[in-house]
Amino acid sequence: MNLEKVIFGFFIVFAATLNFGFFIGDIDNPVHHEIYELFAAVVVNLIATVLKFGDRTQIGAIHLATSLVADLQLLAAAMVWGYAVHVTGAGLTGSTMSSIVSLSGGALFANIVSVIILIAETIMQRR
Amino acid sequence: MTHTSTIFLVLRRLRTPLLVLITLFAISVLGLTLMPGPPDPNGGQLPRMSFFHAVYFISYTATTIGFGEIPYAFSEQQRLWTVVCIYMSVVGWAYTLGSVFAMLQDKNFLNALAVQRFARQVRRLREHFFLVCGYGEAGHLICQALDELGYRAVVIEKDEVKIGDLELQSYQADVPALCADAGQPDTLIFAGLTSKYCRGVMALTNDDSTNLAVAIAARLLAPALPALCRAEHADTVANMASFGTRHIINPFEKFAEYMALALHSPAAYNLLLWLTGLPGTTVARHREPPKGKWVLCGYGAFGKVMTRALENAGLPVTIIDRAAPLAPDHTWYKGDGTGADALAAAGISDAVGIVAATASDVNNLSTVVTAKQLNPALFTVLRQNHVANRTLFDAFESDFAMVPAEIVAHECLAILTTPLLTPFLDRVRSADDAWAGALLEELTGRFGWDVPCVWSVSINLLQSPAVYRVMMRHEARLSLSALLRAPVTDRPPLACTPLLLLREGDPPRYLPDGELEIRLGDQLLFAGTEEARRDLGMTLFNGHTLQFVLTGRDLPGGLIWEWLAQRREARSRSS
Chain A
1 MNLEKVIFGF
11 FIVFAATLNF
21 GFFIGDIDNP
31 VHHEIYELFA
41 AVVVNLIATV
51 LKFGDRTQIG
61 AIHLATSLVA
71 DLQLLAAAMV
81 WGYAVHVTGA
91 GLTGSTMSSI
101 VSLSGGALFA
111 NIVSVIILIA
121 ETIMQRR
Chain B
1 MTHTSTIFLV
11 LRRLRTPLLV
21 LITLFAISVL
31 GLTLMPGPPD
41 PNGGQLPRMS
51 FFHAVYFISY
61 TATTIGFGEI
71 PYAFSEQQRL
81 WTVVCIYMSV
91 VGWAYTLGSV
101 FAMLQDKNFL
111 NALAVQRFAR
121 QVRRLREHFF
131 LVCGYGEAGH
141 LICQALDELG
151 YRAVVIEKDE
161 VKIGDLELQS
171 YQADVPALCA
181 DAGQPDTLIF
191 AGLTSKYCRG
201 VMALTNDDST
211 NLAVAIAARL
221 LAPALPALCR
231 AEHADTVANM
241 ASFGTRHIIN
251 PFEKFAEYMA
261 LALHSPAAYN
271 LLLWLTGLPG
281 TTVARHREPP
291 KGKWVLCGYG
301 AFGKVMTRAL
311 ENAGLPVTII
321 DRAAPLAPDH
331 TWYKGDGTGA
341 DALAAAGISD
351 AVGIVAATAS
361 DVNNLSTVVT
371 AKQLNPALFT
381 VLRQNHVANR
391 TLFDAFESDF
401 AMVPAEIVAH
411 ECLAILTTPL
421 LTPFLDRVRS
431 ADDAWAGALL
441 EELTGRFGWD
451 VPCVWSVSIN
461 LLQSPAVYRV
471 MMRHEARLSL
481 SALLRAPVTD
491 RPPLACTPLL
501 LLREGDPPRY
511 LPDGELEIRL
521 GDQLLFAGTE
531 EARRDLGMTL
541 FNGHTLQFVL
551 TGRDLPGGLI
561 WEWLAQRREA
571 RSRSS
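First to last, the protein sequences are chains A and B. Position 125 of the first sequence, counting from 1, maps to 125 under this note's numbering, and the rest follow consecutively. Position 15 of the second sequence, counting from 1, maps to 15 under this note's numbering, and the rest follow consecutively.
Simulated from the structure, these hints should not be mistaken for laboratory data. Everything numeric in this text was worked out from a predicted model, so none of it was measured. Where is the CB? At the ideal position from N, CA and C, for every residue including glycine. Some clues are possibly wrong.
Sample of chain B residues facing chain A (criterion: CB under 7 Å; computed from the structure) [what the hints assert, rightly or not]:
| hint | residue |
| --- | --- |
| 1 | F8 |
| 2 | L11 |
| 3 | I22 |
| 4 | F52 |
Start from the sequences, fold in the hints, and give me the full structure.
Structure, rendered in structure tokens:
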């Protein structure tokens with residue numbers, strides 16, 4: 001057992017679960033989607049990305065790529081939220097909420113790929 | 001290491017600082033959104049800060065910009081949390097910036113960047129270049145000569161000081177240089193050993209084992225590439241020869257060969273020096289080494305080969321060395337060659353020549369000066385170990401000076417830039433004195449004692465397309481003398497002499513006759529002026545110049561004039 005591997009696995013799975021928690025619920029209902037959960041998902045995803053830096057292998061490269069995709073999607077979702085509430089002044093309408101949730105859905109897919117790679121890597125190790 | 005690996009190096013080093021920064025930022029923002037807002041003037045309480053405002057506030061506070069309390073004057077709880085945030089972010093940023101600057105100063109990181117820059121420079125070279133391993137004295141001379149001849153050079157050198165020296169030199173072309181061990185195959189590949197533009201590799205370091213490593217890397221990674229390797233010890237030479245290194249240059253052996261040649265045929269020796277001199281220098285005619293008793297000081301690697309060379313010429317040698325006799329069949333005096341006692345004991349008064357062959361320049365000079373005082377008619381052969389001591393050696397005016405760097409440079413340039421020169425020099429070495437003497441008189445009478453331009457030419461589509469086309473159309477038979485004319489009014493003969501003609505299936509023709517007919521596939525070696533070289537190149541390349549040189553008439557240029565000329569010719573033929 002290796003502490004570094006534990007931390008690495010923890011953050012990747014945690015990023016995916018937080019993302020899933022935010023995503024689940026009616027797509028256009030703001031009550032089903034908690035802003036603190038989105039914030040946590042963004043932060044944990046960023047940390048997971050930084051943890052993947054510096055691995056020169058092929059698998060490491062794919063890992064980093066999926067994380068970057070998830071970051072991009074989640075940050076876009078957060079920006080849409082901020083723009084809707086503070087800039088347009090219209091507040092969280094159903095259409096804004098659904099675009100935020102669908103963006104986080106894209107990020108969720110990238111996070112799932114990341115988790116699959118993690119599992120595949122673990123199975124391949126055989127020790 | 002690949003080119004992108006420096007970026008990964010950076011990312012890996014920045015992992016902890018970035019994690020710290022993200023965590024501190026997240027904690028600050030989260031805390032700020034959780035703090036209760038200030039009391040509303042209407043009696044209620046303002047809502048808590050939104051994430052948008054919290055990110056905005058922390059961004060300008062953490063980066064020390066500090067716009068103030070936005071969007072409203074903060075509550076006491078928010079102020080309390082802001083104090084915590086400020087100290088956290090200051091520590092976080094200081095740590096991150098510190099790590100970044102430490103990394104930018106890091107030797108490994110800078111080295112990785114330098115390697116990348118060098119590899120990129122070499123990869124972008126789109127012209128032929130020579131790879132020079134070791135920028136010592138010989139490397140310096142070769143780079144200068146290559147630059148003067150219009151070739152590019154790529155340098156690998158272990159010593160940082162010498163790389164700095166290279167950067168201060170004013171070469172016409174940029175010389176990519178890397179501070180690394182040339183013995184590493186990776187380094188050689190970065191330096192373009194396997195590039196299709198690499199024309200040759202030279203291993204000139206002071207260290208025989210590094211040269212050996214370069215030789216074997218060149219043999220395995222680029223077998224078709226000519227590799228020139230310097231070797232000072234007999235076992236390195238044998239080792240290099242065992243895996244087929246094509247050109248092994250041992251400066252001591254080379255000098256002994258020159259010495260033997262000078263003893264055997266002084267004219268041939270002078271001719272050799274004149275042909276292989278460094279471009280832009282003047283060769284002085286050397287005094288002939290006399291036959292008689294010789295004294296040699298310092299029986300090291302160089303002393304050994306010199307003793308052999310002198311004895312092969314039938315001259316008795318007396319050795320002075322600090323060590324006890326190593327070679328019992330020689331006359332041997334144990335002592336210091338710099339002192340008059342040892343020299344007198346070795347019989348300097350009735351000797352004709354002295355060889356100062358120790359590894360110390362100062363001792364060599366001291367020996368020769370003392371010997372000259374005892375016997376002013378002595379012929380002196382001096383070993384000069386460092387080019388930097390040139391002023392001292394020039395002031396003394398020895399008859400022969402053995403400068404290893406110069407010998408290596410001469411050999412490399414002769415082999416690499418004019419491959420046809422080597423067979424001609426072999427002929428010079430084996431020639432009798434009268435033939436060499438006559439040739440030397442003729443050539444130096446024509447071109448002077450300045451080192452001539454020596455170049456080779458192939459009659460083929462690539463190097464001489466104009467001649468190739470004329471021959472393929474069987475328009476005219478070309479004799480050598482018809483071709484060697486300047487493309488100006490009256491077509492005077494070019495200031496160059498053909499030295500050698502190689503034709504497949506025939507024995508080599510030395511000093512070919514002017515009436516000889518040129519055929520396709522011929523290879524020619526010329527010596528002459530730089531101007532003659534340019535003119536001949538023009539003649540070989542340009543059909544119009546070739547026609548003018550052959551007939552003395554200008555061809556009509558352009559479609560219309562050609563058509564008119566054809567009409568005129570047809571009309572005159574029909575009438």
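message: So, against the hints stated earlier in the document, which numbers end up violated here?
response: none
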